[in-house]
Amino acid sequence: MKEIVVLSGKGGTGKTSLTASFALLAGSSAVVADCDVDASDMHLLMGPVVKQKELFYSGKEAVIDQEACISCSRCLEVCRFDAVLSDGTHFEIEPVSCEGCGYCARVCPADAISMKPSLAGELYISEVRSGAHMVHARLGIGAENSGKLVARVKNEAKTLATRDSKALVLVDGSPGIGCPVVSSLSGADYIVIVTEPTISGWHDLKRLRELLGKFRLPSGCVINKADLNDEYADKIRKYLEEEKMDMLGTLPYDENFTAAMVQGKTILEEPFSESETAENVRGIWQKIQAAVGWSKE
Amino acid sequence: MKITIASGKGGTGKTTLSTNLAALWAEKRHITLLDLDVEEPNSGLFLKGTPINREILEKFIPEWHADKCRLCGLCQEVCEFNAIMKLGTEIMVFPELCHSCHACSGLCPTGSLPMVAREMGELYHYRMDNLDVVEGRLAVGEEQAVPAIKKVKEYQKREIPDADLILMDSPPGTSCPVIETVKDADFVILITEPTPFGLHDLKLAVETVRGLDKEMAVVINRHGIGDDGVENYCSDEGLQIPARIPQDLNIAKTYSAGKLIYPVHPGMKEELSHLIVFLESL
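These protein sequence lines are chains A and B, in that order.
Residue numbers for the first sequence, in the working numbering: 11 to 307.
Residue numbers for the second sequence, in the working numbering: 66 to 347.
These are calculated hints, taken from the structure and not from any lab test.
Quick caveat, the model's predicted, so the values are computed rather than measured.
Treat the hints with care, as some may be off.
With a straight-line cut-off of 20 Å between C-alpha atoms, the simulated EDC-like cross-links for lysine to aspartate or glutamate are [to be verified]:
#, chain 1, residue 1, chain 2, residue 2
1, B, Lys324, A, Glu241
2, B, Lys215, A, Asp244
3, B, Lys334, B, Asp313
4, B, Lys248, B, Asp278
5, B, Lys318, A, Asp244
Sequences are here, hints too, so could you generate the full structure?
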């Protein structure tokens, strides 16, 4: 089984629209995982029919039993997150600040603090219109541990792929370089980075590359909106050569991406399927397949 | 007043808005901009000022001292973040996963896990006339954004204590780092684009901000592309839209080169002026 993770560093570079296009090209040979759990938009292009749904609990949250509390203030003393609110006699936990470390519960001499599992989000397994299964999630508001939800989405996708003998797992990852991204890297065979020739796209590409280097993961890059700025497009090309990353192709600045999105479609579908952009997307997918050593046939 | 600029979806123009708004507003009064998008801090690419200060951001992690340790394993048992493990006759610490809660250190019966400082990133403070910019930058490989965000906010309180108008550039999304930037704001601006993705993520962001009992308004970027979904949603939800930044290839090009938009695009300046009037009337 091969696993391809699509990342971007900077947000808004077209990562999700492209991943959805790849998913259509891979068809029923792939299992799709939307690991951008903070902004899980891929389902808007994939027409999912939810087959299975479950609540996802991750991390814990302290709760003080007011009857049992003896107002000794030990919890307040040990909390590093300013999550214990107190007027000196009444003590309570502010859930937004509590990181669920459980230190307060362990030191409470009256056993008045319990750790309750906190709801991190909802997980869905759906059938999408490419004929594949897709695993996606909705992160709870302000939930901790989005990294754990990412891991859960990925593992679920891998389990499905094994069960149904699918050879490919295609993952839409998060922007940034923090815990959800790191969590999406484990077990990956190849990373596709979607960037844009802007000063921030360039800056964020280098940070992401540095992160991938720590994991020794092979990667290739797509330059979207390539005609926006020649200077940065060239800088990115040179950088890819220096770093021995695959140059997977370029896409022009094309408002049809948005036009297709409004229709709930990818750029590969009517009336956009014959455009230069669509042609390039198909070419990029060929290169990715070659780089990963997988083909649909 | 503290104003947080956030977005559900990434790449909707958060940095464009915060840097341009800060620079234009600073023509009238003193502004402090905190770049709290510590995973990808980009304010400094657009606002180039005189360096005032650079600091190492540190977080505290346990350091194992083998001599007194009895290998009881309590540290591993109490850690909720799998950041410390007993492997054979050794205790291993995984700094990237540590939340600095001090539980393992404080509860260790032999005092074998003192907390020590470890670099997690850097902070840059620079100044242009009336504008102070403080940027937090997480070291690559560090996973926890929240401690770095807290440090940048602490720096502002310590070094720029009389700042009366603070803009905070938030990371995208709705998870813990965003909460950290929104929870002490007086007002929140959500920037989005008028597309199905923009609308989907805007709804999540609105729920998050409401969950924290904050007032907010919406700014639409790339106004003119997409559809009416965002406008209709805002009108149904009673959310004001004090500015609409037009879709314009020239704006995208100016941005791509790392330049401020409003000095060369009068339309942008006009929309930002509307926004400033709106924010000053709060």
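Status of the hints after comparison with the structure:
1. B:Lys324 to A:Glu241: 14 Å, holds
2. B:Lys215 to A:Asp244: With Cα atoms ~37 Å apart, B:Lys215 and A:Asp244 exceed 20 Å; violated.
3. B:Lys334 to B:Asp313: Given that 20 Å is the threshold and the Cα spacing comes to 14 Å, the pair holds.
4. B:Lys248 to B:Asp278: 9 Å, holds
5. B:Lys318 to A:Asp244: This hinted pair holds, its Cα atoms lying about 15 Å apart.
Of the hints listed earlier, the one the structure fails to meet is number 2.
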